[in-house]
Amino acid sequence: MRYIPNSPEEREEMLTAIGLASAEELFRSIPQNVQLKRRLDVTEALAESEVIAALEKYAERNTAAGKPSFLGAGVYSHFSPTVVDHLIQRSEFFTSYTPYQPEISQGTLQYIFEFQTLICQLTGMEVANASMYDGSTAMAEAFLMAQRVTRRDKIVVAETVHPEYREVAKTYTQHGDLQIETASLDEKTGRISDLSALDEKTAALVVQSPNFFGCVEDLKALAEKAHAAGALLVVVVTEAISFGLLKSPGECGADIVVGEGQSFGIPMSFGGPHVGLFATREKFVRNMPGRLCGVAYDKNGNRGFVLTLSTREQHIRREKATSNICTNQGLIALAATIYMETMGKKGLQEVAMQNAQKAAYAAKQITSIDGFELPYSAPKFNEFVVRSSKPAEEVLAKLREEKGIIGGLALSRYYPDRPDEFLVCVTETMKKEKIDALAAGLNELQF
Amino acid sequence: MANNIPENLRYSKDHEWVLVDDENASIGITDYAQHSLGDVVYIDLPRVGDKFGTHEAFGSVESVKAVSEVFTPIAGEVIEVNEGLNDSPEKVNSDPYGDAWFIKIKMAKPGEADKMLSGEEYEEYLSSQA
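Protein chains in written order, with the working numbering: chain F, 1 to 447; chain G, 1001 to 1130.
Don't read these hints as lab results, they were simulated from the structure. Ideal Cβ positions, reconstructed from N, Cα and C, are used throughout, including at glycine. Errors might be hidden in some of the hints.
[To be verified] Selected chain F positions facing chain G (in silico; Cβ < 8 Å):
| # | residue |
| --- | --- |
| 1 | Thr-311 |
| 2 | Ile-316 |
| 3 | Arg-317 |
Using the sequences and the hints given, assemble the complete structure.
Written out as structure tokens, the structure reads:
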């Protein structure tokens, strides 16, 4: 868009031309009694240096980023190579809106195609879309897609799926005819166990792996159970780095894989903007939401990229579209693509291995302290639940105030019946000294 | 353009045809419809057992130009769908009245097809629209 300046003289000239005395007269059609007759209640203008000083003062009130933090629970602290931020700042990418015109958008379409390809490889699926808003909305879309595919109206979702994801899905689907039931976890393993709600009316069984409690689910067994009931298995992945170590959901029999791509080079940024992943089997592609980019050849045989299967989408199908999301997280998906391509297969495996090993080390250190144990036996990736003999909220508050360490997330925030459990996340960014400091801190707490 | 309009079928103003066979009927789209749509690339069909009233959307036809819904000219329950169209949607272009039937239904109101247009009436309708 062009910047068109106008000077006081030009404004005067325009007002004269339309026969008005002042710009305020342009608003005379607004009734007097609803017009604001005073100045806005904001402080007087500050000098730039004063504004920066004021903002820095606000910023000082943030403590989280500076302290050792063992928070995960859906948003993860990972190292992002400098090249990611450097490349996404190229001006060609900044307005990464829908590339409707392939003849002027080959670069954008190519990276979307690469993104889709990489997500397919990681999830073990056959087709992935150009991304969704975030993991939670991707999961809500999976609910609706499962309903379309199976023509059934019940979703059975594990209570170990991120509670905020379930909240979003509830909000998202509240005006439709979906019935959402919850399957509870096994108190010994930390895996989903009670599948009594899964029946011939169920469109999908929805599980997260690693789940919110850090436990890796037995996806193969769950896929068999879901399929035996004629339902789809939807697998949610909130920690995308786990793809570097765990068997892919696709290999285990998942029908739809959704997730959050924040771990791929995206800053935590208070929880967003992040990027939703959505992948499925080719046979379901017509029922899939979101944009798809495909390869095409022109009449001379040159390869090109185009948006494809758009007839599923809102701008063509209106109310019959598979989703009212007709866009994607262009810039963030680009960042994730650059991250994945920079790390490569070996790099991602290495990062995933470091996460698992550091988390295992942390778990070992913490459980060697009296009063702390690991209640769930299932295999873990980079997060695990610790059960404490003292209330978890209190333990974490003391650790924060006395030791300057953010030790994790008290589960009581989402699961009020679990007051003595907290979730600890350890990524590759966490140094051994800090893990040792966490264990030492827990050991020294006095109640 | 001369339209191919077989005399043994009944027609709707939405350009579907119906072939009555005792209490059942096959439904497809007309030669005029396939010609207007252009190359058909995908057909979305209902499932066996689905029930439709008169003039309800039972599926859609996607061509390189557009997506159009197809309607049931008569009410009934789907007893067969033409799975062959999944692999060869282009049959709708090459053989709209033969291989490219969309669904077979058990008619809910026998005789309903008699109220539809005859070939001659459909031809008149098309020329009045031209």
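*Hints violated by the structure (listed by number, smallest first)*: none
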